[in-house]
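Trainee: What follows is the residue order along each chain.
Protein chains: 4
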Amino acid sequence: MQKIKVGILGATGSVGQRFIELLQNHPWFEISAVAASEKSIGKSYREAVNWLMSTPLPEHIGRMIVQPCTPTLPCEWVFSALDSSVAGEIESAFAKAGYVVHSNARNHRMSSDVPLLVPEVNAEHLELLTRQSFGNGKIITNPNCSTIGLTLALKPLQDHFGIEAVHVVTMQAVSGAGYPGVSSLDILDNVIPLIRGEEEKLETETLKILGRMHNGQVEHERFKVSAHCNRVAVHDGHLECVSIKLKKRAKREELISAWRNFRGKPQELALPLAPLKPIHYFEEEHFPQPKLHRNVDKGMAVCIGRLRECALFDYKFVLLSHNTIRGAAGGAILNAELQKSLFV
Amino acid sequence: MQKIKVGILGATGSVGQRFIELLQNHPWFEISAVAASEKSIGKSYREAVNWLMSTPLPEHIGRMIVQPCTPTLPCEWVFSALDSSVAGEIESAFAKAGYVVHSNARNHRMSSDVPLLVPEVNAEHLELLTRQSFGNGKIITNPNCSTIGLTLALKPLQDHFGIEAVHVVTMQAVSGAGYPGVSSLDILDNVIPLIRGEEEKLETETLKILGRMHNGQVEHERFKVSAHCNRVAVHDGHLECVSIKLKKRAKREELISAWRNFRGKPQELALPLAPLKPIHYFEEEHFPQPKLHRNVDKGMAVCIGRLRECALFDYKFVLLSHNTIRGAAGGAILNAELQKSLFV
Amino acid sequence: MQKIKVGILGATGSVGQRFIELLQNHPWFEISAVAASEKSIGKSYREAVNWLMSTPLPEHIGRMIVQPCTPTLPCEWVFSALDSSVAGEIESAFAKAGYVVHSNARNHRMSSDVPLLVPEVNAEHLELLTRQSFGNGKIITNPNCSTIGLTLALKPLQDHFGIEAVHVVTMQAVSGAGYPGVSSLDILDNVIPLIRGEEEKLETETLKILGRMHNGQVEHERFKVSAHCNRVAVHDGHLECVSIKLKKRAKREELISAWRNFRGKPQELALPLAPLKPIHYFEEEHFPQPKLHRNVDKGMAVCIGRLRECALFDYKFVLLSHNTIRGAAGGAILNAELQKSLFV
Amino acid sequence: MQKIKVGILGATGSVGQRFIELLQNHPWFEISAVAASEKSIGKSYREAVNWLMSTPLPEHIGRMIVQPCTPTLPCEWVFSALDSSVAGEIESAFAKAGYVVHSNARNHRMSSDVPLLVPEVNAEHLELLTRQSFGNGKIITNPNCSTIGLTLALKPLQDHFGIEAVHVVTMQAVSGAGYPGVSSLDILDNVIPLIRGEEEKLETETLKILGRMHNGQVEHERFKVSAHCNRVAVHDGHLECVSIKLKKRAKREELISAWRNFRGKPQELALPLAPLKPIHYFEEEHFPQPKLHRNVDKGMAVCIGRLRECALFDYKFVLLSHNTIRGAAGGAILNAELQKSLFV
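Protein chains in written order, with the working numbering: chain A, 6 to 349; chain B, 6 to 349; chain C, 6 to 349; chain D, 6 to 349.
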């Protein structure tokens, strides 16, 4: 099988690096271009990057020359790790030029003709692609890093019991802010009780993702989500304290069983980066923890624990997902695997 | 004025050390005894303690000989920083022997004849002392460290608007677990989503503290509190994300104004350790933060910020209080100051 | 091939857990017993352990019943992760009973008939086993975690240029102190400039390891080593700043080349846990770093960087090794692989 | 007494903020101007700054309008917290315009007519000012943050025993890199074994500071200094592991006594910010530690501990100093106090 040639936009940033780490040796995709901003163009990738991954920079990628983010890259698909200040226009330009764009940026997420995709949750939203008018080009987006984990945890509950309300307080890792991102002076021995724009994303993206297709459009879900977002001194892994009100009464065991038995398209299709089980429920009451569980199932699973009754809602629980794997680069690659598997 | 001689029970632990730090040069109290467990007895305090405060150990305290926790200490009042595994019996023994006991342990907190005191909030609960049958001895308790900050923030809202429901997610400092307490292996680059027993304390103590005296008894408040408690890599300062439903509609400015204008008995009486203002509200939307604000007003104030509407409750906000000053030793000393000021 | 049955002494501690992690799926060894102290005996391993590894606890190990550390375990060899307060006698008892003991404890390290083994450095020290009088039983020890990395870095320099003096300042990870080990109150936002007993170990063990066999005995090396040891807020990975005086003048490139070309018995024999290259030299001047490089070559290699001239010695450089893999459990397993490969 | 009006150059950065914190309520100086770079000019200081101090921003400073760093500021003296990329020219311009400049930047430090001042160590270097040709304007510099602590520790040893060689390995706090400075991704769970340019500063500045005046010039000291510099996850406080060779044999007690009895001009003149004792020696063998001791004597003292024999040099010990107080803003203010006390 011929591999699809892919380019990485914003390749030198922390999500760009994660794309490179996860795509080396990928059975379906092959990196044929790395692109970044002005100051890196023309340098070798090794020179241009401050490599932060704990696996070594692949030799052949290190030798690639960094190119500009213009739609002349020698590839068919692109993964975008661009900053939202520039992602909107660049991604549109690529799509118009016929590239398939798998984006991690927020710019196109809420557009009515763009899938905001979590493959286990809303694979059917890919139908929106037929509404896009880019010709062969397409834009598919990945949700915000804290939203992906939440929607994976909610989906089986929505399917079995219906959801009335969701209250979520996040404790998010510093890698979510990119590099250099959060200053060490701000986070050592500290918590920052604000991540600008994050609460809005959690409150709105969740409803689109969990929405149903109706007449070729996504009908957003209508329950209420309230979010508080905090930054903590953790490298990777977003932890979320969730309280939930269901439409239907359900026993604790039923929720756990809904989570444990949950499978989606990626599992059905055995996609390369799909976790074996999208959700791991832990009975140990001090689990999950970022340091111990962020890499469960290749960092692509959501870990859940501490399900117990809530005095105000029905239940409360804790969830964890790896914000730069499942919540960013890994999620976008899984999106691409799903698309390829269904359409190519 | 003759100072009251006080003893410290559990003097070598981290709260015990904080008592010593805060009581040196106190205008009303004078440390005349330090007591601790078996392995420290007979040693000089300097030998027995692993001093963790960033102010130096006072010389004369360092020379004191550590005594057993038996009611033969040369003092009138005791501050108890004992572990709850032993605090119950020892504190009762002291009270029966005629000592006034100001305790930081949980054992007696929920007894119907023991004040669970936050001086700005429920000074009138001291009336319960008349129901105690220890003769001259008394037991007065201090709430759990995360509860003190919460009740200070709730009190003005309760007074002005009434409270229907409170949802709180905490991010608590490691000093709350004592010394050695939380292992570095558990908390570096991590969050632990469980503090055993803590959620129950927040959910029950809050209602007693905010209760009203009626026929010489405390009528506990009846609204519902739901708590998730987490441990984070912060040295001092508990941060809490609170969502609240009020009985009466109120504007954002009214809440802020209720907080800013709030004063209690300690301010009225100008008690030595009282904060000038019990509540500091910050308009900067990334405040309060543990590292920056835990020591505001001598570590005795509660800092609040980010008041905004909540999609599920009426409002949400963030609060911070210093867990070993306001939330432990400082709180107990303020209790003692109040008691002395009213009764001695 | 029949696997050798091995037991883990001190199986519930942090090094014990690392043994279990590294031995699952080992081609030559099979865990058939887990032993620990009084309070764990009779429990299933899952119940007894506070599992700290980020890989899951293997199911079949979780079901094993924890046994006492007495020489009646159903296995042939044991790996000892015992605390030095008890390791001496227990290990001797096992050896006398005919077990081969691979120990990570310090008790027998400096005995004249016990190999203090780093397989790439002093495989020939295994000859000491013939001087042991335990019958079939044997004791082989692993150096202190900060010594292993240092001796690996020094060996090629000793071979090519000779060594006159070594000055080393360490910045050691908290996992080196076991669990619970270092209190979070002591290490968050801090450095502790003392690790009790560590400097002596570095200064003496290094000289035994680099010593030559002569008439069946180890002649310790005679150059001087001076060590300062510090504990820092790093989870895994000991970093060491080394200054060195050589016997022979040498160019920077010669040292780097000696390191890069260095291979030992484990590489020659292609032992299962052997790193492909024992030493990785980095040209990037801000490398190696604990977070980025502790897991290089399965955590079994030493990473070196910043070789430059020293105003007082000849050269200075920085080295890094994983303290609980190469520096503890992994090192002991490599010792066992070497022994098996040569003698069994 | 009329206070001297002072301006702060680079007022919004982290050292600039420390200047403001330390100068409020200063008995001799009064802040009359705050200046910063382009993007802050014209804003109120409160708007322009991301206030990182844990004491509140003084109200009247918050209202000041930020001015450009041009020599038209309404003040007589300026404290410069400018980045070295711009400090050289700006400071010269101010001096030429008649301002006295107390600089924390490295640009002028090694100029032969500029005092590189540590008041307890080399007050007599102020004589260099007579060689400056700025008219009433003057430039006085403050050493690099890790050099100040080292030279304070070395001075009494130089005076009593003479110094032959100094080997130093630093573990430096993140605040030394300014704000935002070190990325949290680089330092959480990590050590960075490089601080660009820092080793050179330690190796050269030390020799100028400890040099003697001879014919109106500084004769630099000639012993060798070798430095390794590391960045660690500590907020404030640089720790240094020092090995030293003396010219004269000396007993451990003699060194400690030389340190404890050391006093300089600032103590003699009782300057406002002078520590009571420039050096605090600790007998506890796990002291000093950054978190516990950085604020000793207002953060202006050097803390020393662990003096013991060294196998290679004569002695080794550990020292700590607060890098943004003694090592930056506080040091520059003490310089200014000395100058005022001697000349104004």
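Keep in mind that the hints were calculated from the coordinates and are not lab data.
Keep in mind that a hint or two might mislead.
Because identical chains share one entry, a pair is satisfied inside a single copy or across any pair of copies.
[As the list claims (entries may be wrong)] Result set (DMTMM-like, lysine to aspartate or glutamate): computed pairs, CA atoms no more than 20 Å apart in a straight line:
{"no.": "1", "residue 1": "K44", "residue 2": "E129"}
{"no.": "2", "residue 1": "K250", "residue 2": "E35"}
{"no.": "3", "residue 1": "K48", "residue 2": "E289"}
{"no.": "4", "residue 1": "K250", "residue 2": "E169"}
{"no.": "5", "residue 1": "K10", "residue 2": "E35"}
Since this is a predicted model, take the numbers as computed values, not measurements.
Trainee: Hint by hint, say whether it matches the structure.
Mentor: Evaluation of the provided hints:
| no. | hint | result |
| --- | --- | --- |
| 1 | K44 with E129 | neither (40 Å within a copy, 48 Å between copies) |
| 2 | K250 with E35 | neither (44 Å within a copy, 48 Å between copies) |
| 3 | K48 with E289 | between (49 Å within a copy, 17 Å between copies) |
| 4 | K250 with E169 | both (5 Å within a copy, 17 Å between copies) |
| 5 | K10 with E35 | within (5 Å within a copy, 44 Å between copies) |
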